[in-house]
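**Q** Residues per chain are reported as follows:
2 protein chains.
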Amino acid sequence: MDTKFAIPEIIFGRGSLNHAGQCALRLGAKKVFLVSDDGIERAGWLGRLMEILEDAGVTWIYYPGVTPNPRDFQIELGAELYAKNGADVICAIGGGSALDTAKGIAIIASNGGRIQDYEGANRVRKPLPPMAMITTTAGSGADISQFCIITDMKRRLKMSIITRTLMPDVAIVDPLILRTKSESLIIQSAADALAHAIEAYMSRIASPFTEINSLQAITLIIANLEHAVATRSLDALEQLSIAAVSASMAFSNASLGAEHALAHALGGYFDIQHGLMHPILLPSVMRFNMAANPKKMADIGRLLCKRRGRCSFTDDRDAAVKGIETLEKFFSSFNVPLRLRELIPPEGRLLFEPICRMAVGDACNLTNPKPMQWDDFLAVCEETW
Amino acid sequence: MDTKFAIPEIIFGRGSLNHAGQCALRLGAKKVFLVSDDGIERAGWLGRLMEILEDAGVTWIYYPGVTPNPRDFQIELGAELYAKNGADVICAIGGGSALDTAKGIAIIASNGGRIQDYEGANRVRKPLPPMAMITTTAGSGADISQFCIITDMKRRLKMSIITRTLMPDVAIVDPLILRTKSESLIIQSAADALAHAIEAYMSRIASPFTEINSLQAITLIIANLEHAVATRSLDALEQLSIAAVSASMAFSNASLGAEHALAHALGGYFDIQHGLMHPILLPSVMRFNMAANPKKMADIGRLLCKRRGRCSFTDDRDAAVKGIETLEKFFSSFNVPLRLRELIPPEGRLLFEPICRMAVGDACNLTNPKPMQWDDFLAVCEETW
Chain A
83 MDTKFAIPEI IFGRGSLNHA GQCALRLGAK KVFLVSDDGI ERAGWLGRLM
133 EILEDAGVTW IYYPGVTPNP RDFQIELGAE LYAKNGADVI CAIGGGSALD
183 TAKGIAIIAS NGGRIQDYEG ANRVRKPLPP MAMITTTAGS GADISQFCII
233 TDMKRRLKMS IITRTLMPDV AIVDPLILRT KSESLIIQSA ADALAHAIEA
283 YMSRIASPFT EINSLQAITL IIANLEHAVA TRSLDALEQL SIAAVSASMA
333 FSNASLGAEH ALAHALGGYF DIQHGLMHPI LLPSVMRFNM AANPKKMADI
383 GRLLCKRRGR CSFTDDRDAA VKGIETLEKF FSSFNVPLRL RELIPPEGRL
433 LFEPICRMAV GDACNLTNPK PMQWDDFLAV CEETW
Chain B
83 MDTKFAIPEI IFGRGSLNHA GQCALRLGAK KVFLVSDDGI ERAGWLGRLM
133 EILEDAGVTW IYYPGVTPNP RDFQIELGAE LYAKNGADVI CAIGGGSALD
183 TAKGIAIIAS NGGRIQDYEG ANRVRKPLPP MAMITTTAGS GADISQFCII
233 TDMKRRLKMS IITRTLMPDV AIVDPLILRT KSESLIIQSA ADALAHAIEA
283 YMSRIASPFT EINSLQAITL IIANLEHAVA TRSLDALEQL SIAAVSASMA
333 FSNASLGAEH ALAHALGGYF DIQHGLMHPI LLPSVMRFNM AANPKKMADI
383 GRLLCKRRGR CSFTDDRDAA VKGIETLEKF FSSFNVPLRL RELIPPEGRL
433 LFEPICRMAV GDACNLTNPK PMQWDDFLAV CEETW
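As given, the protein sequences belong to chains A and B, one line each in that order. Okay, so the first sequence: first residue is 83 according to the numbering used here, each after it adds one. Okay, so the second sequence: first residue is 83 according to the numbering used here, each after it adds one.
In isolation and in its complexed conformation, chain A is listed as follows (with noise of 0.2 Å):
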């Protein structure tokens, strides 16, 4: 089987940012259509960003209408303003929120229709404006990646739309941004980068260009995070992203897994930040997939134990049993739910049954070592509760 590795022009460093105004030119940019939040708005970074654009000679035109788990009407009404205002380049500053509502507008900009036309693999036909896209957080990938995750209202489902043309042009990630964030995202946003960097190393897709990322995302996060939480390092965060930088490149192009399928069903329907699902979920689907790949995820094991000095292992899947366990550990050492009722409602746990049927159907349960059914996927909803 062919494999393909692609992925932006990336600029990495403390004070990169300021090369957004050189990068827009040389995309062509008359006038940036630009995407944002409010905690971003709040912390200064998007009138940094205005004034640097501004200084390049290069105009904007702001849209606001970001939220957590971006929607299907955000979306539309984001497509109308850029095609009224004449806008010629997209940029995005935020974490996936953000960088997902603009890479959503960018394709009903080109291709028109509604952003449902285009969920699942590959349906996205025509070319997107140039994107240029700046992470203010280590974790979502959406800078490098060809996923956009919306959620559709009406069915209360966070669809993936997978596809080559959704990867940006170039993508800016200055550590420096990374200070001004909670101590909340900082957890959410590395769990979010390491269970990308193990569904990654674990797909049917995967290849050595995308294992090798996926392993040095997975070293750096174990070795770094209590730090940088702790201290508020700059050292420790930026190799955090780096490591959501690695984990973003194995993942962009390897896939993921089922536990996104299944933190994309549950979040989708009960409006739950994107990071929080995976400390409650990832061990649980590791310990399905260890069956199908042993040895991968005996090396996977290896290095999540390697944070708590030299372990010794029997076997492979000694390894990959030890390896689980450590994770929860390392887990619960931080200050996050651990448990699906800490987030649902009690009642929610009666639509577990529908929402695993459309888990099933999520492009990224595709690449599952062994595709989870419906079934598998509530038997992790009822052990995790």
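Since the hints were made in silico from the structure, they are not lab data. Among the clues, some could well be false.
No distinction is drawn between identical chains; accordingly, a pair holds when it is met within one copy or between any pair of copies.
[What the hints assert, rightly or not] The list that follows gives simulated cross-link-like pairs (lysine to aspartate or glutamate, DMTMM-like), each with its CA atoms no further than 25 Å apart:
(1) K86 / E201
(2) K208 / D137
(3) K377 / D317
(4) K452 / E464
(5) K86 / D317
(6) K112 / E435
(7) K166 / D120
(8) K86 / E133
(9) K452 / E435
(10) K86 / D137
(11) K377 / E158
(12) K208 / D170
(13) K388 / D398
(14) K411 / E265
(15) K86 / E136
(16) K166 / D199
(17) K208 / E136
Remember, predicted model here, so these are calculated numbers, not experimental data.
Fit chain B to the supplied structure of chain A, relying on the hints for placement.
**A** Just chain B now, with coordinates in the frame of chain A:
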């Protein structure tokens, strides 16, 4: 310091050559400017590529003027042919020479002037025509890199031209093509890839994104070259291809070092095939570089020693030294020249001083852990004579 990481879209796999037609179409091709060489013609790969393009409805004009160490006048001739024939996409199939010829033509076709005008780093201003590159060796990395090496015939000098726009749009890597390569070419290409990986790892502008690719390339070449040469096993050849791609992702973004600077200077003056230089020069330059970064040279040493089973090391310096010794033994296990006097006539030795003065100015020397002076280069030449 900001770091940039950019690579073409990579399509990797047995039979991936078949994607060439669709790739050309996606780049907007109506008439492809095709570059290749004698060996590829004779092996039938050029004919196959022509068929694939025709099947996709793309016409082509063929420029056959490629030799090892491509010359300035070949570039000028090619650029004239390109302009005359109204070609719109450049596509090369071959080793580093064919690919570099195509890249040189792309520069002149879009920027005018003489190829000498662009020697050094970042001197190409205007965008190049779209480029799809098909490598037929697991070594040069010209299909992925931002580099182009052309010989200035008057100065008998290989010029390093390095610029972001030289990065092709698409790289197609088809390990099936390696089956028709000679033993000698497989070894030379692997030695080149190994030098790329090691020099990029030691480079002053290496990043976490390039370093993991360097280490993967070193590991795979050491593990697979003997077997690939002895058996022509497609699995082993594929591993060498993966190694070459990884090494290229590393050096294209981290650049190279003094070993390549000297290989260009000596190889250009005496018209020696590039891949023959590394078994001779690489260990000697590594010894020089050890002091500047013993920790990183030790990382390489530990990987190089792995093939001989488990070694124990007293410290970083010991690991570095043992690694270099192991590399020398590795090269000497193949049927390749190990001393400069096997490639250069005795009177050539008298010219080492001016040649070493040219090596100082090669753009690759800038990123050596500590740039070499002309007498450092001279010491390497004398040591390896």
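**Q** Hint compliance check: list the failing hint numbers for this structure, sorted ascending.
**A** When the structure is compared with the hints, numbers 6, 11 turn out to be violated.
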